[in-house]
Each structure stands twice: as C-alpha cells, then as structure tokens.
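K.L.:
Sequence order for the protein chains is A, B and C. For the first sequence, the residue numbers in our numbering are 1 to 383. For the second sequence, the residue numbers in our numbering are 1001 to 1426. For the third sequence, the residue numbers in our numbering are 2001 to 2379.
In case anyone wonders, no lab produced these hints; they're calculated from the structure. Any given hint might turn out to be false.
Label-pair ranges, simulated between beta-carbon atoms [what the hints assert, rightly or not]:
{"hint": "1", "chain 1": "B", "residue 1": "ASP1422", "chain 2": "A", "residue 2": "PHE261", "range": "22 to 30 Å"}
{"hint": "2", "chain 1": "A", "residue 1": "ASP159", "chain 2": "C", "residue 2": "GLY2152", "range": "18 to 26 Å"}
{"hint": "3", "chain 1": "A", "residue 1": "ASP102", "chain 2": "B", "residue 2": "ASP1271", "range": "35 to 43 Å"}
{"hint": "4", "chain 1": "B", "residue 1": "TYR1105", "chain 2": "A", "residue 2": "GLU222", "range": "40 to 48 Å"}
Every residue gets a Cβ at the ideal spot worked out from N, C-alpha and C, and that includes glycine.
Chain by chain, the residues:
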Amino acid sequence: MSKRQLAMVMDLNKCIGCQTCTVACKTQWTNRNGREYMYWNNVETHPGAGYPRNWMEAGGGFDQDGNLKDGIIPDMVLDYGVPWDYNHDELFNGSLLQTKSDLEWGPNWDEDVGGGEYPNSYFFYIPRICNHCSNPGCLAACPREAIFKREQDGIVLVDLERCQGYRYCIAGCPYKKIYFNPKISKSEKCIFCFPRVEKGLPPACAHQCVGRIRWVGFLDDEEGQVYKLVHKYKVALPLRPDFGTQPNVYYVPPLFDPPKFDDNMAPIENSRRIPMEYLELLFGKEVHQALETLRKEMEKRARGEESELMDILIAYSHRDMFRLDNNYYQQEAAKKGLKGSEFFKIIDQRYLQGANTQRVEIKDYTFHEKVLPLPQKEKHGGH
Amino acid sequence: MEDFDKLYEEDTFKEVMGMSKEQYKKKVEEMLAKSEGDKGIGHGKSYWKDVQTFLLFADARFRRNKGSTYKKAFLEKAKFIAYVDFRMSDFANYADILLPAKSHYEVWDLRTNPGYHRFANLAHPPTNLKPVGEAKSEWEICTMIVEKIQEIAMKKYKETGDKKYIKIPDPELSKTGYRDLDTLVDEYTINGQLRDDRDAVEIALENTDQFKPNTIESMFKRGGYLTLNEKAGKSSPLYPDKPYNAFENNLFLYERFETLSGRITYYVDDDLWIQEGANVPTAKEPIRPRKFPFVLMTPHARWSIHSTYKTSTLLLRLQRGKPYVMINPEIAKKKGIKDGDEIRVYNTLGEFYAMAKIYPSCPKDAILLEHGWEPFFYKGRKGHNEVVASPLNLLELSDGWGHLKFGGNWDGNQHAYETSVDIEKV
Amino acid sequence: MKKTLSLLALSTLIISSNAGTDNFNDDVIEAKQISNVTEESLNSIPSKKITLYQQYSVHLNDANANKKVEEQKPVEAEAEVSVGYNQKEIGILIKWKDDTKSVQPAMTTTKFGDGVSVQFPVKYGKGTTLAYIGMGDTKHPVMTYLKKAVEGRDYQKAFIAEGFGSLTEISEKGFSFTMKYDDTNKQWIAFIKKPIKTADLNLASGLVPVSFAIWDGDSLNRDGNKVISNWKFIKMDKMKTDPAYLKYVSWGYGDIGNPERGKELMIQNGCNGCHRFADQTSAPEGLAPNLSKIGGYSNPVYLRESIVNPNDVVIRNLNINRHYNKSAEKDKNGAYPNNDMYTWYIKDNKGNLTSKMPPYTHLSEQDLKDIVAYLKTLK
C-alpha cells in the first residue's frame, strides 16, 4: 500500500534482555501524557505470556481468507500492568515502601521464566515494536479510517485528529502493539521514530541497542543488509506470520541454546532445549530453512571461508546496519570532502542539534573502528 | 554469635570447617583481640569499636549488612545518625537528621574506570536545572558541616579560652595527633578552593596527571569526555591506536605482579589458610544447616544497582514491585504455591514474606531472591537478612602476609551459600 | 454483476415497529412552542416513549463487545423524549433507564462511558428520500450531536457525516448538550439545546426527521456498538406540515402484507446471497449489511427505497481494508490488495458511487409490501 517499506531485523541470538531499547523508547516517547503504561518497545521472555499478557491469544489479524478477525482489548491492570509507583511520601510516617496499586502484571512480569525443567530449562528474549505491517490489522479495524500507512516508507501512524478512541484498532492488531491513551482518549503506537528517521537516524531502540542486534533499512534496497537478511539469505522471518498482517519487523531465530543434560548431568550432543515446535509457532515452517542456512554459513566461516551472512550478523558497523536513505548521507559527506566513516559526523551533528540541545562540535569523533590518537599536549593554562 | 549458635548444626559445621563451633568462636575473638590498638596495620583487624556518631552517605545499611541482630546492635550503639542521600532509603528512617543530596545526574562529576577503558566522562547538571527542595551536592553538604563545626568550636573556645575545644586528640589517625578545628575549613576546602562539586572537578582536572591537559571547557567542547593520557595505564601501556588491555605490563612486558612470588599466585602459605585447607583454591562444602531443604541464593538484582534505582520509574516496572522469590515449579506444586502467592521463608533464625515466582531455571534444592530489596519492602520490615547469621569467613582475618593486605574498605566476607530455609504458602 | 448479489437493504438502523401496534403516530414526537427553551420547561411537555435496538448491520471486531451483543439479545432500550422550541432555539430532553452509571475513567483501557446522540438529516422534506440511519450516506449528509460521560472532561461534540468513518467535527455556536445521572430513578437525563437554524441545518419545519442513539458503557458500547432508533418525526405544533412529505414518510406502517411470503420472496430473489438475516447465514459476514435486526431501526419507506432504488442511499463500507484478497498477488512490499468483493459499491473515475445491489424494480407492489412486512419483523 506504500511505495517503499522501512523494515527492521532483530537477531535473537544476540538479545540479552537488557531492556536498553525499552528504556530508550520510554524516555523518548512514553514516559508522559497518558502513555506511562505503554511500552511501544518491550522485550519479553519466550515461551511466556509476554506483554500485554497473552497477546498471542488476544485475537485480531486476518483469517485464512484475508478477513479481519475479532480480538479483545487488554486490560490495564490484568494485562498491561498499571504504571505503578511507590508511596514515598508515607515513608516519613514509618510506613513500608509499597506500590500504590495492587499489581497483577507488568511489562516484564514473567522475565526469564520460559519453559522446560531444571536443569534443561530454556528461554530466550524477543524484543517487540510495532511491525508496521503491510496489511495492518489496526488500520483495517478502524471504523474512522484514522490509521494510515505513510506513502514514503510504510510507517503506520494514527491520525490523532480523526481518532475518537473507539479502540477497535487494539482488538484488530494481533500483536497488541497499538495502545489506548486514556488521558486523551485516543490510540497511540510506535511511530518507528519517524522524526529521527527523517533526519537519517535509526529509531532510538535500534541506535541504543548494546548488543547491536537491530538492522534498519528499506526492504527494496538490495545493497542494504536488511534486504540481504530478509530476501537474499532468508534468515530473518516475521513473527507469527499466521496472523496474516505481513509484518515488517523480522527476526533471526535463535540458533543457539545449551544442550540438554542427561540424568548424570552430562551434556547430550546435538540436543536442543528450545522445542522446534515453538519456533515453528513463532516463525512458521520457514524457520527450519533459516536455521539450516545459519548453521551452514557458520560452519563455512569456521573453516576460514568467506561468509557475507556471518559478516553481516557480526554487525561491524552502524553505518552498514542502518541504511535509511540509501546513499544520501554518503553523498552529502562526499560533497563536503569527508571520507570513510566520517559521514557519520553529519548524522551525529544533526542528532546533537536537537531543539533543546547545545550544538556540539565533534572534532575528533570517529566510530569504534578506529581509536583516536591522544590529544596533542597543549600548554596548560588553567582557567 | 547467638545467631550463629541458633542456625548451625554442630556436626555439619565440624565436618565442613574442621573445628567445633566453640573453637571457631574462640578463634574469631582471638584474631579480633590482636587488632586492638594496632591501627589495622598488623595482624588482625581494627574495627569501629567506639564510634557513636555517624555521618553516612547513601548507605542502605540494613539491607547490606547481614543478620538481623546487626541492626539491633547498630541502633543500640549509634547515639546520633546524620544521613545523606538523594532518596528515602530504608536506613534514612533511622536517622536523626536527613540531608537531601543531589543525585548523580544533578552534580558535576568525573566518571572513569581506568582498567576497563581509557575515557573519563563529565557529568554535569543539565542547563537551568532547579534542585529539588534544598538538595545540595555532597561536596557542598560537607563544606557546610565543616563550617558549622569550626563555628561552634571557635565560639566555645572564645567563650572559655579552653584549647580543648579546638584541639581534638586523635592519636590513631592524625599525623599530628590532633584535629585542629580552628583551621578546619581552610584545611578541608584547600583555602577556599574546594567548596563544591564543580570545584572538585576543576581541581581534579588541574592536578591529576592522567587527565591532563583538560579543562571543563575542553571536555564540553569535545562532547563531555576526555581521553586519559599515557600515564593512566596502570597495568598496561596506553596506545593511541589500540584498546586498553589490563595486565599487559605483567603478562607481556614481564613486570612483577604485586604478589610475593611476582607471579599470579594460587598458593598461599599463611598459617590460617593452611589450617583451613585453603592454601590452594579449594571447593568446600557449605556450612549451611542441612535440616532446611533450600539454599537461599541472592543473585545481583537486574533492575537496580544493589538497592539504588530500585524505585526509578524507568526501571521499577521491569520487576514485580515487591520482593519475589523464585521457586522450582515442581517444588511449588508440592507446596501448593502458585505464581503470585505470598509465601513465608523461614529457618530457626527468623522469617520473611515475599511473592512467589515460579521459575523453571531454579534448582529443586534452592530458592532465588534478587538482592537489593531493602527491609522496608518486606512485611513487618523483616528483610531477607532475617534468616542469615553471617559468620565471618576466618580467611578474612588473616593479614599482613605477602599481598594479603586489606585496606580501609575492609568489610569482612562471609561464607558462600551460608544458609538454608524452608518455605510455605501463607 | 452476479445475479445472486442482490438485495440491498443496506442500511442500518432504525425504527421500531412493535408488531401489531405498528403505527406511524408511534414515530411522531409532538413538539410544543415555548418561550424559553430550558430543561424545566421541557419537563412540562408530554414525552414520547421510543425504543432503540442494537445496531446489527455491520459487524465490529471487539470480541468482548460482540459477546455482549449476543448475550443481550434482543437489546432494547426505552427512552422518553420531549421536544420544545421557539423562534430561535430547539431543545430536546431525553431520559433513559440505566441501572449502571458508566463514566469513562482516566486510567483504564477497557471501560467505556454512557452516552447519547441526536441526529438530523441536513436535507429533508418533499422530494427528499430518507437518509441512511447510520450516520447518513453520500447523498444524505446528517448532523450528529454527541454527549458522552467521560471522567474529567466535558465531552460534547457536533459532527457532520456522510456515512461510516466520515464523522467530521464542526463547531456550532449556541449548542449545548448536558447529561446527568439521576441516582434515585436510576436514569440518565440528557438535554440538548441548539439554534433552530444554522448554516448547516434548518429545523424550522412542520415535520423534522430525527433519530437517537444510546451507548451503554457497561455493555462496552461505543461507535457503532450502540442501540439506535429509526427515524422519528418531530411535529412542530405551530408550523405547517407538508402533506406530500407526510404521506411519503408514513408509507408502509401497519399491516401491509404477508411477512412469510416476504421471506420466501427474499430467498427466491437471492437476497441471502449477500445479506444475512434470520436463519439465512450463508452469505459471508460483511459482504453486505446484515439484515437480522433491520426492522428495529428502519422505517418502512426506507426499506422500500433500498430495494427499488439502491443507488439512492449508497452506504460507505466500514473500512474497506477489513478484507484483503488472498488469491491476488502481493505487491512488492508484501501487501495483499483489498478484496473488492466486500466493497458495497463501484466508484467511477468521477467519484460517483453505484451500489453493487441492482434495483429490484421487477418486483410487484404486493411483493415489495410483503418483503417490507417481513423486514419489519426482524429486530
């Protein structure tokens, strides 16, 4: 429905569940104005109920024939968890420090629970943002047609002028990644950080990721790593493709988990703890082929041969991981005579020149690829 | 010691430690007695025996120090407590005076950890930030306290002419044997140069060789950090084009390690260590009582730094809001416990209450509880330290041998997996 | 066009005809001229009891709300309406029973507030056919006035609309809408007052169509999830009624035909190929409006018009993206195109809409009456 489509790939083999993305997103967008309970980006433990609780059973999406399915709206207390705080004021009266409301669930309630039996228990993390689907369930469900997909990049947005807070979009999204803002009585959702993207910066969740598990780029950019992971090597798969919305966030499925132990606590060779059925449920039948490709390429690399796929997954450089505007920034840099990774200066200057940020002169800033020479010794003049 | 007696079984203890409980206690007393009056330098340990007035900074002490009797003993001994923190910690409730501090992100500071990397970051208050209430930086608070002490001392001295008000004897820790309260402010602030947090950063930049050449302005210009110069490499040279790797000096350039042998040392021939069977690293059975089925393990909390930031709105919603204990599903089923139930954790020493979290990765003979929960999170203010006795590890008491030197921060370590408990649904 | 795709019926909403007492006068609200349009003065005007039925023409996708719709079958609500007016203003007082007062609270995601709305067609009178009851249609814009119980906010709005999804907020000077809950009688009392004439809407006429909707927050009502009335007619006591218009809108009340034969005729004519009604549920959901409760909120003349001249009231689909075509090729971004089968009309390049339902002009007058007689029983 859009001319181009921005997409994100996340490598689940590298996600450590540190929630840096969650906090980056929260700080940027959802710590205020009725959005406090929302996590546009969350990281959840699988197998698990996730956030909101049991979202995979909450309906929405499309059936086999392409018709929108009914769904439910998760409850603030039972499924999302209230954005709680402590009774700090009462401490002065000798009270215990307690939450102001009773808690039933939260964005990380079943952290690390997973499945299996000790010592063969297992779990892995899935970070989730809005999938910016090609056939969005939220968009289809809105009787007001208040949700739209941007022509230029396929980002799915809510027109807050038109939204009347009916919440059918929440029932319609099978990922439950659109939220009701009770303060303004309108729906809100992950905006793929479009104000950043328009300036050539990846979404905050991707930029801040300490494990460097996220790639961002246009799906039709054949030089881009997103394209290569999704289309060329087919190792990045959409989550729950059976929901029928054609998601544009793709996951490299978990290839590694510790082997099982036998009764004598000896590892069983070639055993996997994560059941393939669960991976199939999440990523469809294609997961077998994707894991096979990953395994083969890894072996190839282990033999000392070249593997473009492994090089991509190592995530050497943000420059290659985030390609938002094809070569726009490289071209701009060339005009200014900047070479190599120096083009990143332009992006960082823009980044640092936010409305409320002082302009920072980036003199000797380079990326991690090259460590700086020590600054020249200057005469120490005091101050 | 009472707790110790209550918790441990004589036979288990003897089997593991090679000595009876009585012998152990005697040994500890003997070692501590050695330290009397030796300023903590020779054998044995000095400890804060006679201190009655406390000025404590950000120390959620009753979470940190184990054993519930510690709390009782501390509060009996402390005649006056002033407490400085940016948050109401559990301990703040016991203070006579609370001094509100600015938090880490409201003050000027230099952050670095040479040994891991070669950068120092400049922390500074955001432009136009208004302090919360009367909050001040810790530097300012200390300057004000020092000024007040001098003022009171001088007033007394002028009224009485008695020098005892300005010359306070301190034979142990002062070079001159006295604390001079008439020049206290000048001494503390280096003649007025060092009065607040920003002064501290400037002085550090001017006087620390490893930071040179830098000023606040130059760091600002660069985006808020500086690169440590070549003098900062303590155990490795600093190269302009390579990351910092610890111990290159010793491993590749063949400098001596700071051990007796000059090498990485696994063997310790201290008498006590030999006696304890620890002269080479040796795994030993834990001393915990066998009559309770579950080891209590308290791994590092994920969403706080110990107790700090447990209540940060950004992080708090990533946990469950109150202490929760992770239990193996099979055990939970046997005990009729469901996820979210309140459970009682107990042994002969005491008990505490927490929420159950059913957790397949928990062994069947242990329960897991993230540390960092302060007593005020628990029912009846009874925290997880209620069920531990925390006997000192005897090895901690050996000192003055080779590289076994312990500095002022000595905080005697205890035994690993030292306690066991049982659980029940409330 | 396939022959089976037929019938129309589209519309959605309205009217009540209690079998047996199906009388035009039941749909007429007598308005009195008064000097001051206030809540007190309206209280002294005799009220009219009206019945509202659950909207069932389109299926919305909130599973929990839909469960309530089925549980409460048949959903009905009764309201008492009084109307007063003078040269400048018109006021309507609406009272309805609601045992559970629901106000949309500030910190929940699943609670909805009670609410009420009043709707007028922008154009009416001699020669103008009745608008689709569900927020009008492209040829019949409506004005809708809405009041909802929301915590911490005075939620009253005026909209202009031309069918589903087209509600557009406008500001109207001199319009006010209040609602308050009477704890003793367990009822809501809503009072709307507005200028009798504005640039968009002139209500100074002898016979003014009006319809009502009520939302019950407890039943998860909002948007199309609501109970609605058919078109009622406000008879202004001091103004002249056009006899031709009266004759037009009062067509088809009473015992006009044989409902059983009507049902047979509908099956014979293939109406059930697209529409669902009664036990006829073979048509895919959403292919055409569901007629199962159509009698509750449609006036007889509107039903007739919809059969013989479906292009007069072409209703916008509820969001056409609700169905995509699985057998079509995906575009380069992986999106399936919408399934045109579920679009209720064809749009030409000038933007004119033609209903996919053909005009059933071949039906005899008695056939039509029998079919309308049958549709009136569906509620």
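K.L.:
Run through the hints listed earlier and report the numbers of any the structure violates, in increasing order.
P.N.:
3
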